[in-house]
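Enquirer: Residue numbers (our numbering), protein chains in the order written: chain A, 3 to 138; chain B, 137 to 546; chain C, 303 to 418.
In short, the hints are calculated from the structure, not lab data. Hints are not guaranteed to be accurate.
[Unchecked claim] One side of the interface only, derived from the structure: several residues of chain A facing chain C at Cβ under 10 Å: (1) ARG7; (2) GLY10; (3) PRO12; (4) HIS14; (5) ASP37; (6) LEU38; (7) THR52; (8) PRO92.
[To be verified] Over 12 Å on every C-beta distance to chain C, these chain B residues come out as not near it, computed from the model: (9) LEU245; (10) LEU251; (11) GLY256; (12) GLN391; (13) LEU408; (14) ILE500; (15) ASP503; (16) LEU533; (17) ILE536; (18) ILE541.
The structure presented is a predicted model; accordingly, all values stated were derived computationally and were not measured. Glycine included, every Cβ here is placed at the ideal spot set by N, Cα and C.
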Amino acid sequence: MNQRRITGRPLHATLDLLDRQLRDRNGVLCGNVDDLELTRDDETGQIYVTAILAGSGALAYRLGGRRLGRWLHEADRRLHEGRRNHGRIPMELTTSIGPAIDLAIDAHDQSTHDLERWTRVHVIDHIPGGSHRAGK
Amino acid sequence: MKKVLGVALGILTAIGGFVDMGDLVANAETGARFDMNLAWVVVVGVIGIVVYAEMSGRVAALCGRPVFDLVRERLGARFGLANLAASFFINSLTLTAELAGVALALSLLTSVNYLFLIPGVALLVWLVCWRMPFETMERIFGLLGLCLVVFAVAVWKIGPDWSELLSDTAHPHVPATDNGFTYAYYGIGLFGAAMTPYEVFFFSSGAVEDGWTAKDLGVNKANVLIGFPLGALLSLAIMTSAHFVLAPRDISVDQLSQMALPVASVLGRVGLAVVLIGIFAATFGAALETALSAGYVMAQYFGWPWGKAHAPREATRFHAVVLLAIIGAAVFGMSGVDPVQVTEYSIVLSAAALPLTYFPILVIANDRNYMGDEHVNGRFVNAIASVYLVILVLVALATIPLIIITKGGQ
Amino acid sequence: MRASDLLRYCVVEHDGTKVGTVTDLRVVQDGPIRGTQASFRVEALVVGRAGIAERLGYIRSRVRGPWILKVLCTRLERRAHVVDVADIEEWDEEHGTLRLRVGRTRVLLEPADLSM
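Please model the complete structure; the sequences and the hints are all you need to start from.
Expert: This is the structure we're talking about:
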């Protein structure tokens, strides 16, 4: 992709970014923007939005109070120790920002899809008929 | 020609699908207790749902996002979560009421105790959500639900003085035997029954899944503008029949059999069979919609894949929630809780929760970035919608106090 | 740090007078290239009391109606300021406070910013 910008207009974090639906490159829904990672450049004083944070850990951090939220977030992080980029999607992977935010990734690679996988293995697959699309 | 048939089918399904357990209970109870003095609430309610459903359908078609997704987006994570908790809880009560309604209708047809029928009903509802061709089932149940027209037939057979009936309806008052509080309480229930939230969750999610675009807006309007008001007429027929048959005999409605009584007494055995089929179909269809709505609200808040057309493997958490919601509702229903009471609470609380979901939709329907300049709400729609927003907030504020004051409608 | 952290920060003038809480971040995609795109730079903070108007969309004529909500939201945001990131002098992470530079130009969330 050679585009330099995916949006020329100024965005408002609470309106255009936070709590937006995320979609992967195939249109599969893969979570919500639960929080944003900000990086401050100490030299220039500029602040950059460097990543989208998604997943229960990020949501817990955002919603929870000082203690409970941080604790849940830590617990979630430990559960996924060693998982690179757990719940973190670098902003350079966004391909469009609209009513949903499209990403240049595969939902199935994301650790936030783990619960979806777990549910499939432990619940859905035990019930017959789960692989057929319901007809019209 | 085929298109006209399709539109007609859609409208008929909307009519038959309008009535659910909440409408049955609300209209029969108020007809028996307040005669036609609360009929005006049905009119107010149907205008509200028409405006709301049309907006949700338009929003779904133009920005491809369903109601609950947008609720989180505009209310934020915290208020969105509070909304999720409230909506899910009320939705579960409604699901219990619908499952009980199906079981009760079946029990009247088969003479088996309804408690024994609930597991089977729950299983059937789940099977349709899991695997069966949903759209076909929806059509079948919607059309079968038209059997409820037999209430209107019963009223016609009674042969009332129409001018007197219309005059009574147009001049409501609080009857001497009741007080303003119970009148308001039942009014709120009736209002909540007409403006059921799950209807909008289901409707907008279906629109997104079916990939509605601006081209479908016309059909959306037709279904909503014609189908819902005719459905409301069906509700009023239930109320009128209760008014003529139950009220004079001082029969208060606390069981499903009493709701069917007006038809049975006027049209005999055949009428009874038809009305029970109609009740079965209407409540079964509503159970399907409510069960899926449980999945929709949860999945759309958290951003999980969802959809009744997906294979369950592709939307696992969504289907797990639907399954658990059905199981939970069935267990609650079998615990011996009074189904009519549960229904009453579900409709009254539905009315109270309406502003939470109505408000974000109204905002988005005015958002030029999402709707495009031509499809934003016009002044007329905005004016009506604003009035309704105020009404909904007032209703929401009054509900809990009224529940306490009237002790749940005594 | 995270957006949710920054959105809880208090903003004060150089002399300590309270300006408000950070309620929104204005982001522009004009930073140095990362990957194949310009990075997203926070150009300004919106400091006020509630932040409802931004979150709902009642800004820059994006959402114009209905009249009743528009009026309510704009009333609530009357005192909101737009603070340029360059005007932040001091970051107090421990107390969650931002101190602004002396002599910065005070920019109110002007009527033009709120849809009229």
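Enquirer: Mind checking the CB of A:HIS14 against every CB in chain C and telling me if the closest is under 10 Å?
Expert: 5 Å, holds
Enquirer: Would the least Cβ to Cβ distance between B:GLN391 and chain C come out above 12 Å?
Expert: Per Cβ check, B:GLN391 is outside 12 Å of chain C; nearest 43 Å; holds.
Enquirer: Grab the minimum beta-carbon distance between B:ILE541 and chain C and tell me whether it stays above 12 Å.
Expert: 29 Å, holds
Enquirer: Measuring from the C-beta of A:ASP37 to each C-beta in chain C, is the shortest one below 10 Å?
Expert: With Cβ-Cβ at 5 Å, under 10 Å, it holds.
Enquirer: Checking a non-interface call: every C-beta of chain C should be farther than 12 Å from the C-beta of B:LEU533. Is that right?
Expert: At about 17 Å from chain C, B:LEU533 clears the 12 Å cut-off, so the statement holds.
Enquirer: Regarding the assertion that B:ILE536 does not contact chain C, is the least Cβ-Cβ distance greater than 12 Å?
Expert: 24 Å, holds
Enquirer: Hey, is B:LEU251 genuinely clear of chain C, shortest beta carbon separation above 12 Å?
Expert: 47 Å, holds
Enquirer: Confirm or reject the statement that B:GLY256 sits farther than 12 Å, beta carbon to beta carbon, from all of chain C.
Expert: Nearest chain C Cβ is 46 Å from B:GLY256, so the label holds.
Enquirer: Can A:GLY10 be said to touch chain C, with a Cβ gap under 10 Å?
Expert: At 7 Å from the nearest chain C Cβ, A:GLY10 passes the 10 Å test, so the hint holds.
Enquirer: Find the nearest Cβ of chain C to the Cβ of B:LEU245 and say whether that gap is larger than 12 Å.
Expert: 48 Å, holds
Enquirer: Hint validation: A:LEU38 versus chain C, beta carbon distance must be below 10 Å. Holds or violated?
Expert: 4 Å, holds
Enquirer: If you take the shortest Cβ to Cβ gap from A:PRO12 to chain C, is it below 10 Å?
Expert: 5 Å, holds
Violated hints, in rising order: 14 and 15; the structure is consistent with all others.
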